[in-house]
Structure formats: structure tokens, C-alpha cells
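All chains should be modelled from the sequences, with the hints used to inform the complete structure.
Here my numbering runs 25 ahead of the position in the sequence shown, where the first position is 1.
Hints in this document: simulated from the structure, not taken from any laboratory. Idealized CB from N, CA, C, for every residue including glycine. Fair warning: there could be bad hints in the mix.
As the list claims (entries may be wrong) - Now the in silico label distances, taken between C-beta atoms and shown as ranges: (1) GLY49 to GLY26: 28 to 34 Å; (2) GLU29 to GLY49: 26 to 32 Å; (3) GLY26 to LYS51: 26 to 32 Å; (4) ASN58 to SER33: 17 to 23 Å; (5) CYS55 to LYS34: 17 to 23 Å; (6) GLY36 to LYS59: 15 to 21 Å; (7) LEU48 to GLY26: 25 to 31 Å; (8) GLY36 to CYS56: 16 to 22 Å; (9) ASN58 to GLU29: 16 to 22 Å; (10) SER33 to MET53: 15 to 21 Å; (11) ILE32 to GLN52: 15 to 21 Å.
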Amino acid sequence: GGFEAGISKDGQTREHALLAFTLGVKQMICCCNKMDATTPK
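This is how it looks when you write it as C-alpha cells:
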């Protein structure tokens with residue numbers, strides 16, 4: 026899925042986290058939106 030692709034060795038999420046750490050960011054907040062793909066019941 027998308028999460029696995031993002032945190033894989035060449036994933037964009039992992040790359041952004043490494044860049045932030047390199048710039049001195051020690052804490053980060055991650056917000057997820059629209060996690061469900063089905064219609065509400």
C-alpha cells in the first residue's frame with residue numbers, strides 16, 4: 026500500500042524524515058486524513 030511505499034528504502038516519506046533530522050528537527054507531528062476508502066454506513 027501507500028504507507029509501505031512511503032517508508033521503503035527509496036520512499037518519499039522516509040526521505041523527508043531524514044532531511045528534517047539532518048536539519049536538526051528532533052520532534053515531528055504527523056497527521057493523517059481520509060484514511061478510509063469506503064463509504065460511511
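* Taking the CB of CYS55 and the CB of LYS34, does the distance hold inside 17 to 23 Å? -> holds (19 Å)
* Asked: How does the Cβ-Cβ distance of GLY36 and CYS56 compare with 16 to 22 Å: does it lie in that range?
  -> holds (18 Å)
* Check the following: the C-beta atoms of SER33 and MET53 are separated by a distance inside 15 to 21 Å. => holds (19 Å)
* Asked: CB of ILE32 to CB of GLN52, is that within 15 to 21 Å?
  -> Cβ of ILE32 to Cβ of GLN52: about 18 Å, so the range 15 to 21 Å holds.
* Range agreement (Cβ of GLY49 with Cβ of GLU29, hint 26 to 32 Å) -> holds (28 Å)
* **Range hint 17 to 23 Å (beta carbons of ASN58 and SER33) holds or violated** => Check passed, 22 Å falls within 17 to 23 Å.
* Cβ separation of ASN58 and GLU29, checked against the hinted range 16 to 22 Å -> Holds - the Cβ-Cβ distance for ASN58 and GLU29, about 19 Å, lies within 16 to 22 Å.
* Take a look at whether the Cβ-Cβ distance between GLY49 and GLY26 falls inside 28 to 34 Å. => holds (31 Å)
* Starting from the range 26 to 32 Å, see whether the pair GLY26 and LYS51 falls in it by beta-carbon distance. => Holds, since GLY26 and LYS51 (Cβ atoms, about 28 Å apart) stay within the stated range.
* Asked: Within 25 to 31 Å or not, the Cβ separation of LEU48 and GLY26?
  -> The hinted range 25 to 31 Å holds for LEU48 and GLY26, with Cβ atoms some 28 Å apart.
* Asked: Falls inside 15 to 21 Å, the C-beta gap from GLY36 to LYS59?
  -> holds (19 Å)
No hint from the list above goes unmet by this structure.
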